[in-house]
Amino acid sequence: MMSCTVVVSEADFDPAALLSQLHEASPSVGAVASFTGVVRGDVTGTLQSLHIEHYPGMTEAEIERIARQAAERWPIEAVQVYHRVGRLALGERIVWVAVSAAHRGASFAACEFVMDYLKTRATFWKKECFMDTERWVEQRQCDLDKADAWRS
Amino acid sequence: MMSCTVVVSEADFDPAALLSQLHEASPSVGAVASFTGVVRGDVTGTLQSLHIEHYPGMTEAEIERIARQAAERWPIEAVQVYHRVGRLALGERIVWVAVSAAHRGASFAACEFVMDYLKTRATFWKKECFMDTERWVEQRQCDLDKADAWRS
Amino acid sequence: MIKVCFFASLRETLDTSSVSLSAAGLSCVADIVAHLVAEHPSWHDALSQPNLLVAVNQVHASPNQSVNDGDEVAIFPPVTGG
Amino acid sequence: MIKVCFFASLRETLDTSSVSLSAAGLSCVADIVAHLVAEHPSWHDALSQPNLLVAVNQVHASPNQSVNDGDEVAIFPPVTGG
Chain A
1 MMSCTVVVSE ADFDPAALLS QLHEASPSVG AVASFTGVVR GDVTGTLQSL
51 HIEHYPGMTE AEIERIARQA AERWPIEAVQ VYHRVGRLAL GERIVWVAVS
101 AAHRGASFAA CEFVMDYLKT RATFWKKECF MDTERWVEQR QCDLDKADAW
151 RS
Chain B
153 MMSCTVVVSE ADFDPAALLS QLHEASPSVG AVASFTGVVR GDVTGTLQSL
203 HIEHYPGMTE AEIERIARQA AERWPIEAVQ VYHRVGRLAL GERIVWVAVS
253 AAHRGASFAA CEFVMDYLKT RATFWKKECF MDTERWVEQR QCDLDKADAW
303 RS
Chain C
305 MIKVCFFASL RETLDTSSVS LSAAGLSCVA DIVAHLVAEH PSWHDALSQP
355 NLLVAVNQVH ASPNQSVNDG DEVAIFPPVT GG
Chain D
387 MIKVCFFASL RETLDTSSVS LSAAGLSCVA DIVAHLVAEH PSWHDALSQP
437 NLLVAVNQVH ASPNQSVNDG DEVAIFPPVT GG
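Chains as they are written, first to last, in my numbering: chain A, 1 to 152; chain B, 153 to 304; chain C, 305 to 386; chain D, 387 to 468.
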């Protein structure tokens with residue numbers, strides 16, 4: 001039975017503690033793949049921060065559905081998803097996805113799968129805040145393509 | 153210019169500090185994919201520890217060659233590889249590979265590429281230590297197949 | 305009653321987080337949208353954006369999904385998390 | 387001189403970490419292996435394992451790679467790190 005932890009919060013998370021939880025949870029864990037998303041500066045260097053809104057309740061439920069789909073496709077032990085909301089400065093962590101498994105292939109594939117579907121299905125919205133203006137981020141076609149690619 | 157850090161040591165490493173180094177290094181880092189390998193219990197439950205031997209000098213040079221190949225294939229910012237040697241108990245970390253990039257696709261692909269080639273080209277050898285016997289681990293065909301798959 | 309929630313740019317454009325509607329005569333999400341536009345003509349353009357997504361009871365849904373009294377419906381732009 | 391290093395199970399079987407050989411008459415890695423077997427007949431089986439790998443100056447190499455005085459040659463079983 002796969003374990004699944006989903007946390008949406010304004011607070012930061014501690015990757016080291018999260019990794020330890022995964023590999024100390026079970027002697028059959030041999031591999032942990034993880035992904036950290038970070039607020040990246042824009043090309044003009046004028047981005048000040050991001051503001052992230054979400055749909056409380058649905059967000060967590062949708063991420064858990066994505067994690068369950070991953071567990072149906074690959075033999076994995078546990079999935080962790082932490083996603084921050086509210087205001088985030090440049091360089092701050094936004095998202096953490098980690099997947100533990102006996103073997104690395106499953107952990108890598110499931111981790112990337114969860115990230116790709118999170119991008120296209122989890123109910124978060126990012127607003128970019130500049131010195132004197134704000135702008136909602138548009139969904140990127142390449143993110144839709146990545147998620148679609150898992151169907152084949 | 154990609155930055156590459158390779159450390160082979162008996163000492164443990166701190167994933168949190170390593171992750172922070174990567175995403176604080178550059179404002180253009182938006183994604184960090186990482187992999188942690190852990191000493192996994194065997195099916196009989198009798199494995200006590202691993203002993204890892206390596207070829208000092210060649211190991212580090214070979215891993216750096218692998219990282220450079222990854223940087224030629226994908227737009228990545230930095231690669232970290234930490235690999236432990238000596239005696240490791242069940243549940244201890246063996247290996248850490250982390251790759252930072254602007255975008256997640258490159259970080260995931262390069263991280264898995266480095267792990268797959270590390271498995272088949274980096275000069276480490278694992279010995280499994282049981283209560284009353286020891287046994288050198290045999291290379292697995294599926295690891296060779298994974299590395300070969302990157303050629304196509 | 306059916307609760308209808310708006311998020312992100314749509315919430316800002318409508319200047320409304322949610323509304324409650326009587327379920328009478330509303331059989332699917334598209335009916336709700338038509339009803340909202342009839343009540344608020346100024347919402348027409350925002351609610352006609354072709355890329356809007358909908359959820360019913362916190363699950364992704366299509367505009368022709370049926371709705372019932374007590375449901376929570378959400379309408380929002382494409383998601384951009386991660 | 388050419389230094390020849392052994393690792394892991396091969397090091398244990400030969401009970402030797404490394405040997406130094408005069409480079410005279412040794413033109414490639416395969417020559418070195420033949421020379422070692424001639425000097426140590428008991429090493430024949432261990433050095434005849436078909437899956438052994440070689441490196442010259444800490445770079446993966448094939449058995450027919452040429453060697454020169456001062457080179458460091460290594461012979462080892464398939465690697466199993468990570």
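Think of the hints as simulated: they come from the structure by calculation, not from any bench.
Warning: the hint list may mix true and false statements.
Just so you have them, the derived chain B footprint on chain A, three or more residues with Cβ under 8 Å [stated by the list, open to error]:
#1 3–11
#2 62–74
#3 77–84
#4 124–133
What follows is a list of derived Cβ distance ranges for each label pair [unchecked claim]:
#5 D:L438 with B:F282: 24 to 34 Å
#6 C:S324 with B:R225: 49 to 59 Å
#7 A:F130 with C:V363: 50 to 60 Å
#8 B:H203 with D:H426: 52 to 62 Å
#9 A:S152 with B:R225: 15 to 25 Å
#10 B:F282 with A:S9: 20 to 30 Å
#11 A:H51 with D:S448: 30 to 40 Å
If we take Cβ atoms under 7 Å as the criterion, some of the chain D residues that face chain B in the derived model are [to be verified]:
#12 A441
#13 Q444
#14 P464
A virtual CB, placed ideally from N, CA and C, is assigned to each residue, including glycine.
Here's how the hints hold up against the structure:
1. Beta-carbon proximity to chain B at under 8 Å applies to 0 residues in the region 3–11 of chain A; the threshold of 3 is not reached and the given coverage is violated.
2. Here's how the region 62–74 of chain A fares: 0 of its residues keep a CB closer than 8 Å to some CB of chain B, so the rule of at least three is not met and the hint is violated.
3. A count of 0 residues in the region 77–84 of chain A with a Cβ less than 8 Å from any Cβ of chain B is obtained; the coverage claim is therefore unmet, three being the minimum.
4. Proximity of the region 124–133 of chain A to chain B, defined as three or more residues with a beta carbon under 8 Å from a beta carbon of that chain, is not established by the 0 residues found.
5. Between D:L438 and B:F282 the beta carbons are some 26 Å apart, a value that agrees with the proposed interval 24 to 34 Å.
6. Evaluation of the 49 to 59 Å hint for C:S324 and B:R225 yields a pass: the beta carbon distance comes to about 54 Å.
7. At roughly 35 Å, the beta-carbon separation of A:F130 and C:V363 lies outside the given 50 to 60 Å, and the hint is violated.
8. Here the CB-CB span from B:H203 to D:H426 is close to 26 Å, at odds with the stated 52 to 62 Å.
9. A hinted range of 15 to 25 Å holds for the C-beta pair A:S152 and B:R225, which are about 22 Å apart.
10. For the pair B:F282 and A:S9, the supplied restraint of 20 to 30 Å is violated, since their beta-carbon distance comes to about 44 Å.
11. Taking 30 to 40 Å as the suggested C-beta distance range, the pair A:H51 and D:S448 does not conform, at roughly 58 Å.
12. Hint status for D:A441 relative to chain B: holds, with the closest Cβ pair at about 6 Å, below 7 Å.
13. With 7 Å as the threshold, the beta carbon of D:Q444 comes within range of chain B, its nearest partner Cβ sitting at about 4 Å, so the hint holds.
14. Proximity of D:P464 to chain B holds as hinted, the smallest CB-CB distance being about 4 Å (cut-off 7 Å).
Hints 1, 2, 3, 4, 7, 8, 10, 11 from the earlier list are contradicted by this structure; the remaining hints agree with it.
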